[in-house]
Each structure stands twice: as C-alpha cells, then as structure tokens.
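Participant: Put together the whole structure using the sequences plus the hints.
Keeping their order, the protein sequence lines are chains A, B and C. With the UniProt record's numbering, the residue at position 12 of the first sequence is 12, and numbering never jumps. With the UniProt record's numbering, the residue at position 75 of the second sequence is 75, and numbering never jumps. With the UniProt record's numbering, the residue at position 95 of the third sequence is 95, and numbering never jumps.
Because the hints were derived from the structure by calculation, they are not lab data. Note that CB positions come from ideal geometry on N, CA and C, so glycine has one too. Fair warning: there could be bad hints in the mix.
[To be verified] Covered by chain C, per the in silico footprint, the following chain A stretches (three or more residues, Cβ under 8 Å):
| hint | segment |
| --- | --- |
| 1 | 102-108 |
| 2 | 118-132 |
[What the hints assert, rightly or not] Every beta carbon over 12 Å from chain B, so not counted as near; a handful from chain A, in silico:
| hint | residue |
| --- | --- |
| 3 | 1 |
| 4 | 2 |
| 5 | 27 |
| 6 | 70 |
| 7 | 73 |
| 8 | 84 |
| 9 | 86 |
| 10 | 88 |
| 11 | 98 |
| 12 | 113 |
| 13 | 151 |
| 14 | 154 |
| 15 | 303 |
| 16 | 304 |
| 17 | 313 |
[What the hints assert, rightly or not] Quick list of simulated restraints, FRET-style, between CB atoms:
| hint | chain 1 | residue 1 | chain 2 | residue 2 | range |
| --- | --- | --- | --- | --- | --- |
| 18 | C | 220 | A | 107 | 53 to 59 Å |
| 19 | B | 290 | A | 107 | 24 to 30 Å |
| 20 | B | 273 | A | 18 | 53 to 59 Å |
| 21 | C | 105 | A | 90 | 20 to 26 Å |
| 22 | A | 131 | B | 290 | 43 to 49 Å |
| 23 | B | 290 | A | 317 | 38 to 44 Å |
| 24 | A | 18 | C | 115 | 20 to 26 Å |
| 25 | B | 192 | C | 256 | 43 to 49 Å |
| 26 | C | 118 | B | 192 | 54 to 60 Å |
| 27 | A | 76 | B | 114 | 49 to 55 Å |
| 28 | A | 17 | B | 154 | 32 to 38 Å |
| 29 | B | 286 | C | 105 | 41 to 47 Å |
Listed below, chain by chain, are the residues.
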Amino acid sequence: MNTQLQVTDLRVHYPIRKGVFRRQVGAVRAVDGVSFGIAEGETFGLVGESGCGKSTLARAILRLQQPTGGTVQFRHRDGGEIDVTSLPAPAMRALRRDIQIVFQDPYSSLNPRLSIGMTLAEPVRAIEGVGSRERRARVAEALAAVGLPMEAARRFPHEFSGGQRQRIAIARALITRPRFVVLDEPVSALDVSIRAQVLNLLVDMQRERALTYLFVSHDLSVVRYLCNRVAVMYLGRIVELGEVDRMFAAPRHPYTRSLLAAIPRPQPRKIRPPLGVVGEPPGPLSVAGGCAFRSRCPHATGHCAAEPPVLRDLGNGDLVACHHAETLPATPRFVAA
Amino acid sequence: MSGAEPVLEMRDVGVELAPLGGAARRITSDVDLALHAGRTLALVGESGCGKSVTALAAMNLLAPPLRLGTGHILLRTPGAAPRDLTRLSPAELRAARGGQLGMIFQDPMTALDPAFQVGEQIAESLRAHLGLSRRAAHDRAVELLQLVGIHEPERRVRAYPFQLSGGMRQRVMIAIAVACSPAVLIADEPTTALDVTVQAQILELLRELGARLGMATLLITHDLGVVAENADTVAVMYRGRIVERASAEALFTAPAHPYTRGLLASLPPLDGPRERLRPIPGQVPPAGVADADCPFVARCPEAMPRCLAARPALTAIAPEHEAACFLHATVAA
Amino acid sequence: MRSLPAKPAFGTCIILLVIACALLAPLIAPFDPNDQDILNSLAPPFSTGDGGRHWLGTDRLGQDILSRMIFGTRVALTVAFGAAAASAAIGVPLGLAAGFLGRAVESAVLVLADMILSIPFILLALVIMSVLGASLLNLVICFAAVRWAQFARVSYSLSLELREKDYVMACRAGGISLGRTLLVHVLPNMLGPITVILTLELAYAILMESGLSFLGLGAPPEIPSWGGMLQEGRDELDTAWWLTTSPGLAIMATAIACNFIGDWIRDRLDPRTQGVLR
Numbered sequence: 001m002n003t004q005l006q007v008t009d010l011r012v013h014y015p016i017r018k019g020v021f022r023r024q025v026g027a028v029r030a031v032d033g034v035s036f037g038i039a040e041g042e043t044f045g046l047v048g049e050s051g052c053g054k055s056t057l058a059r060a061i062l063r064l065q066q067p068t069g070g071t072v073q074f075r076h077r078d079g080g081e082i083d084v085t086s087l088p089a090p091a092m093r094a095l096r097r098d099i100q101i102v103f104q105d106p107y108s109s110l111n112p113r114l115s116i117g118m119t120l121a122e123p124v125r126a127i128e129g130v131g132s133r134e135r136r137a138r139v140a141e142a143l144a145a146v147g148l149p150m151e152a153a154r155r156f157p158h159e160f161s162g163g164q165r166q167r168i169a170i171a172r173a174l175i176t177r178p179r180f181v182v183l184d185e186p187v188s189a190l191d192v193s194i195r196a197q198v199l200n201l202l203v204d205m206q207r208e209r210a211l212t213y214l215f216v217s218h219d220l221s222v223v224r225y226l227c228n229r230v231a232v233m234y235l236g237r238i239v240e241l242g243e244v245d246r247m248f249a250a251p252r253h254p255y256t257r258s259l260l261a262a263i264p265r266p267q268p269r270k271i272r273p274p275l276g277v278v279g280e281p282p283g284p285l286s287v288a289g290g291c292a293f294r295s296r297c298p299h300a301t302g303h304c305a306a307e308p309p310v311l312r313d314l315g316n317g318d319l320v321a322c323h324h325a326e327t328l329p330a331t332p333r334f335v336a337a
Numbered sequence: 001m002s003g004a005e006p007v008l009e010m011r012d013v014g015v016e017l018a019p020l021g022g023a024a025r026r027i028t029s030d031v032d033l034a035l036h037a038g039r040t041l042a043l044v045g046e047s048g049c050g051k052s053v054t055a056l057a058a059m060n061l062l063a064p065p066l067r068l069g070t071g072h073i074l075l076r077t078p079g080a081a082p083r084d085l086t087r088l089s090p091a092e093l094r095a096a097r098g099g100q101l102g103m104i105f106q107d108p109m110t111a112l113d114p115a116f117q118v119g120e121q122i123a124e125s126l127r128a129h130l131g132l133s134r135r136a137a138h139d140r141a142v143e144l145l146q147l148v149g150i151h152e153p154e155r156r157v158r159a160y161p162f163q164l165s166g167g168m169r170q171r172v173m174i175a176i177a178v179a180c181s182p183a184v185l186i187a188d189e190p191t192t193a194l195d196v197t198v199q200a201q202i203l204e205l206l207r208e209l210g211a212r213l214g215m216a217t218l219l220i221t222h223d224l225g226v227v228a229e230n231a232d233t234v235a236v237m238y239r240g241r242i243v244e245r246a247s248a249e250a251l252f253t254a255p256a257h258p259y260t261r262g263l264l265a266s267l268p269p270l271d272g273p274r275e276r277l278r279p280i281p282g283q284v285p286p287a288g289v290a291d292a293d294c295p296f297v298a299r300c301p302e303a304m305p306r307c308l309a310a311r312p313a314l315t316a317i318a319p320e321h322e323a324a325c326f327l328h329a330t331v332a333a
Numbered sequence: 001m002r003s004l005p006a007k008p009a010f011g012t013c014i015i016l017l018v019i020a021c022a023l024l025a026p027l028i029a030p031f032d033p034n035d036q037d038i039l040n041s042l043a044p045p046f047s048t049g050d051g052g053r054h055w056l057g058t059d060r061l062g063q064d065i066l067s068r069m070i071f072g073t074r075v076a077l078t079v080a081f082g083a084a085a086a087s088a089a090i091g092v093p094l095g096l097a098a099g100f101l102g103r104a105v106e107s108a109v110l111v112l113a114d115m116i117l118s119i120p121f122i123l124l125a126l127v128i129m130s131v132l133g134a135s136l137l138n139l140v141i142c143f144a145a146v147r148w149a150q151f152a153r154v155s156y157s158l159s160l161e162l163r164e165k166d167y168v169m170a171c172r173a174g175g176i177s178l179g180r181t182l183l184v185h186v187l188p189n190m191l192g193p194i195t196v197i198l199t200l201e202l203a204y205a206i207l208m209e210s211g212l213s214f215l216g217l218g219a220p221p222e223i224p225s226w227g228g229m230l231q232e233g234r235d236e237l238d239t240a241w242w243l244t245t246s247p248g249l250a251i252m253a254t255a256i257a258c259n260f261i262g263d264w265i266r267d268r269l270d271p272r273t274q275g276v277l278r
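Facilitator: Encoded structure:
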C-alpha cells in the first residue's frame, strides 16, 4: 500500500523571548522530533492529553503553523512526492485542495456573517477553472453528502445546532475533493447522541471517497472506533505507535496503560484497574533530559533519568519508547468479567 | 431506595426562565430526587436537558432570570427538624449553603478567586460557618488540603490559583466544598474540564471522601462512563424531565427508556467487535419542557400513536427502576 | 421594527434634527447668517429686528443667532463625519495589517499609534492647524492624521481575536488568499465594534472642532460654527448669556446623542445581550 503522508523528525518549537530586544532565551518544544507514516485510505489516530502537542502537530502538517524542522512528504495525485514544509506559497495554496481540516469547535469554525452556501463555496473559489455554475453544483452535492437539505445553503450558522454545524464544516472540508483530511477533535464538542451521527458520517465519507484521515483526539473510545493505527503523544513526543486493536488489548508503554485504565467505562464494575500514574503532566518547560514521563511513572529507574528512550520496534511492527517495555508486568484486565 | 430517610429531597421541582419583560418559560418540571447519606446519585443528560439548573435548584441558588417555579427542597440534618430550603430566610440559606451543602463546579479556574491565596479561600468558609479563629482556620485549611491529596499542603496553602494545575485547582475546590463537613455535596460536571488521567484521580478522591465523610452526593454529568463508575443510583433527564431512574446496575444492564438505550448505543465500545454505531436520530432539543406529548417522541425509534396523544408518567417497571415510557406502561398494568 | 428604548431614540431624534438643519439651512433659517444689523447688536432672545423676530437673540454684530446655529450644523457635520470616516479609512487597514502581516508591521503600527495617542489631541491639532492654516478640509486632515490611531488600535486587537477563529484558520487551510480572507471573513466581523468607535469619534470630533474654533484654529470666521460662536460670546458672558448658551447646549446635545447611539449599537451587537440562555 502506498504511503499518503510521511512525517519525518517534525519539530515545532516556540521561542521564549525576554528583555527589551526580545532576545530568544529558550524554546517550548511543543512537537519535538515526531516521525510516522500514514498509508493511503488509512485512519491514523493521534491521542494524548491537553498540551501534549497533538493539535500543534496536526497544524504543522497543514502548515497552518510553520514547523521549526523536519519534513512532511505528501503523495500527490500524479504519484509524485512533495515536501509540504518547504513548498513556496503559491504551490502550497494549490496543494490545499488536497489537504483539508475539520476543527473542534462548531461555533467558531463557521463565519457567522456568511450564509452556508457562501461558506461552502469559498474553498471552491480558490480552485482555478471552476465556474460559478459548477460551484453551485458542488455546494448542492456537498450538502446532500452530509445529510443536509438544499435550502440550508441560504441560511446562516446561528440557525443550526452544533451537530449540524459540524456537518457543514465537514462539507466544507470535502468540497474541494481532498485526498487527505485532518480531523482535529471533530466530535469532542458534541453531545453523545450527535457524536455517534457524525462519527458514522465520517466513516461513510471515507468509504465513498477513498479518504485518508489523521484523527486527533483525547477520547480513546472514539479513536478505537475510527482508527486503524494510533500514536500516543506525551509532551511533544510519540511514546507508543501501533495497530489500534493490539494497543488497546496490550498497551506496552506505562503512559498508554494509564490512559486506558483511566477511561471511565459505561459498565458498572467491581474491580478498577490501578491507574498506574500519579499527578499531572509537568509543564513542557520543566522537562530536562531523560524520559519525559518519568516524573509520573511508577516504573521509573535511574536509566530513565539518564537517557531519553527512543521509539523501537518490539518485534511486531509496533513502536514503544520505554526502556522497560519488555520487563513491565503483564497488563491487568480492564473489565471485570 | 435505602430504608433511611433521604438527607436532601427535591419534590416536584420545576425551574422557570423568566427574562425581564418576557413571558416565563419552564426549563424543568416534576423533578423528584432523593439523596441518601454516603451514596451518590448521578443526574445524566445532554446539553440543555436541565441537569445543571437542577443542581442550582438543589442549593436554592437560582439567580434571575432563572427561578424556582414549583416544588420543595427538604434538607434533613441529624438532630434538627427537616427544613424546606425554599422557605428559609436569606441568612438561614447562607448558613445552610457551605455549612450543610457543598458545591463543586465544572471550571475551577473561574470558581476560584484569582486574587486570593487558596488557603484564604478555604479559611473564609471555615470562619464564616464554623466561627473558627484566623489561626485555627489556617491550620484546618492545611489539613483539608492534605485530605484532598495535595502534597506539601503547608506550602500550597499560600499558592494563588494560577500557580496550580487544573487538577490541583479542582482539589482545592473540593477542599472548600467539604470544609464544613457538609451533609450534601453537589458536583456539577466536576471533571469535564480535566484530562482523563486527572479525571480518574479526582473521581477516586470524590468516591473516597463521600464514603469517609458519609456525604450524600449529587453528581451531574453527561458522561455515562463516569456515571457507571461512580453512581449508586442514576436519573436520566431529557427536555427538563426525568425519563428514567434506576440503580446504576439496572440502568446499564437493562435500560428501559428508548432514550437511555439510544445513549448507550451511541457510545463506541472499548472492547469487543467494532460495529456501526446506532445513534439517536435528530437533534438535541433546546432547553424547555412540553406537556402535550412524550418529550422524546420526535426522536424515538419505537414511537406509537399514543405517544403523541399524552405524556407518559414516570412509573415503576421493576423494583428500584422507573421509566416514563408507554412501552412499559402495558407491562406494569 | 421594534420600538427603540428612550436613550437611542433621543439620540436619533437629535442627529436627524441636526442633519435636517444642515440640509435645509437656507430654507429654515429666518436670516442670512452673515447679515449684520449693527443697530440690533446684542439683542436678547425673542426681540424683534429688521425683517423678523430674533428667537435666540443676536450677537455683537447683530447677526441672528438661530440662523448661525442652523448653518453651524453644516460645519459640525462635515467636519465630524469627514474626520471620523477619514480616520477609520486610514486606521482600520493599518490595524488589520498589524494583525495579519507579521511582527515588523505590527510593531511599526503599534509604536506609531501609541506615540500619537500619548500626546494630547489639542496640542497636536494646534501644531497641524497653524502649519496648514484654518479651513474645513484642513480640519478633517488634522483629525485623520491623529485619530486614525484609535481605529488602528481597536481593529488590531479585534484582528488578534479573529485570526484565532477557526473559520479564519479554515480560510488558510482552504487556500483562500489573504486579501479575500480579510475582506470577506475578517472585516465584516469587525464592523460592530468599529461602528461603535465611529459614533464615539463623531462626538469627539464635534467637541474638538468646537474647541479648535474656540481657539481660533477651526473653521474660518466667515463660516458660522458652534465653536466659533462660543469663542465670540466668551467676552459677553456676564452681559449677554444667550451668545454662549445656545451653541453650548447644541454641542452638548449632539455629543450626547452620538454617545447614546454608540452605546445602543454596542449592546445590540454584543451576542451576550442577545439571548439569556443559549
């Protein structure tokens, strides 16, 4: 299978400036050397808690945020590969029809002063050689695809509920017929019953249009439902990457384990697995050398403080960044039978 | 559900939205809830269903344009006659809140005053309700921080809210809420703003404190996972009314109301096969109650003609299990 | 349309009255504003002169105060609207540029705006007007040269807020050009607060024009203006109160009217005052 997107050693550092002359005195490493590939037609999940850098990473891939280093290779329609990070502005704008994004907040993602029809037509307008007749046709098609009536085009965002707005945002992302869509927490702001509708819509769209998804979320149950493979991020780095079913059945990194243990499950259960984690993530500034997770890890040793673990293959293609991955006790069962 | 009398009982509570110069509109109706010592009742529903205004009503804390339209709120504390919160004077009400009733909000950043050290904010409640001296209140504040699992409480007591992480701030909120050993703790989405590993720790703390202090807890949440892991009994709200009430065990193993079933079917499972989700069709309705028909009829996959003609009442369908649905009316009759 | 609350209704009435006076001045003014009737100088209100009654009295040269008041609306309005519009036309694009064009433009615009706003307006205006000379156009130029900074500051801070909106981010992600993004997605969402600043600047310009005329740096003497009338009447304050009372009240009423309308627009555009519960 072809690789649609290859991220290599991507970094996003925010400079910290001080003094009258705003001299740079350090950097927040929001994304710090992340590499992964996404296959054509795959849904790749990116999970982690707030501040782990997952949204920054997603935006850096789209160059909504200029990366500090690394490359993002995108496989073009004609089969050639281009590096998104170094593309000049006009070429980048032309490429944007192939790479789209859906944001989390359905209330801030639509311009309140534009009708839905106008909002949907905007990205089409940026494509050369599409006339107003085809633009209208595409708007109609996009509305139908996400299950909204044609007359919605004349109405304004405030006339729609959160779930309907998110459908509109999805229609806007798909209207340029992209190949790759970044979904940045697209269902996190939605009520449970609406969330399921939108998840089903995303699955249908992918099947019909052969889309490749990068799905960013903090919600592991949703990630499991939608994704083929998943990467777990902690303070700007990937700590575990692998096939989703295997990871949920037998997480290898202590952080992944605690994330999975922490999910409240909608089944009353007598036995709760130990959380295996203490406290909260330290600020990204306070990480100095060694494993970033060691301050919260019950298995941390001197080795973890001395040397940062790198992602390594444990033999089945899944990657873990932990010195003790092989020697950790077996994972507890999460659900009381 | 248990034999003892409930510590806090809401009877027939209806909240109204009465904007200045506008007509009053009912937001909730016929809400009956009973909180028992040492037990947790979860109130669950989607946005606009009326669960948060019910929490405010339980403390008689509604502020204009919201007001209590109907109902009584009975507080039974040991060694005192039952009191109706809706009939107390403002001074008595103030003494009851914070004294016998504690509350935790969703966002600890806005609920804490950024200009004061957390220790002062805890001590304020202690001095107001228990009449402790400045010195004693400070010492007690340190003990309380220890109780809610904050390390180095002697140092943290002098911290300002912005110096603490989200989870730590929520622990401080909990310390303030339980400072006067209240009989009732009301927690409105206490972990919604927190990350999942921190949420697990805070919920653990709430369970532990509830058991240790024997508090009756009302937990407001939209997260069915949080309900399953923390509640003894559950009430499901939809469009301002309770549509199902049961023990947590019964609700999750044998959900009776089509809305509850729909909510559970909307959740992506964490284990087992990944089947296509079966969401509830339609949109989440705006806040407000309607009387003519079943509130859920527009989205219900099992709607019958009679659901349009009348509104089903909350009726017992099994021991410790009530639902407001005509599907079960025939069974019960 | 719903009926207006009292304050904006009052404000609208005053402004409409001022506009009507400015448009219809030759028709409704009982006298030529520059007609001198020395025999009737300093006549009190309601006295009768050559060819009619002086409802608001006459000044030292025997010119009819009411007629000069009515013609004075023309100066007030051209200067006020011209000044506010010109300031906005310069300030808003600069504010947008500061918000969207990177750090160099940002600091250049902000430093310049801060410098200008830190000097009292009257002081700057004194310098500009004495260099350019007194004329209506120069008054407008003088206002625009200073008050653009206010619009730049406001539209810059609105830019900061709007550029973080997902729909502006979505424009970048959709390959929409910066120009179109600003014109279609950013500017329209700024109009509310900008309109409010505009009405406040109107009031400010009317006040300041009067102040400059009072100092002899505003409208030329042959054009009647409220501020000029105030200045002329200053010396007779203890003997002929009517020289200063009418223009003073007119300035106050117009400034208050603009403020009332501005406040009302601001409240109307604030989503928090639109509905009680979402």
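Participant: Check the structure against each numbered hint from earlier and tell me which ones fail, lowest number first.
Facilitator: Hint check: 23 and 26 fail, others pass.
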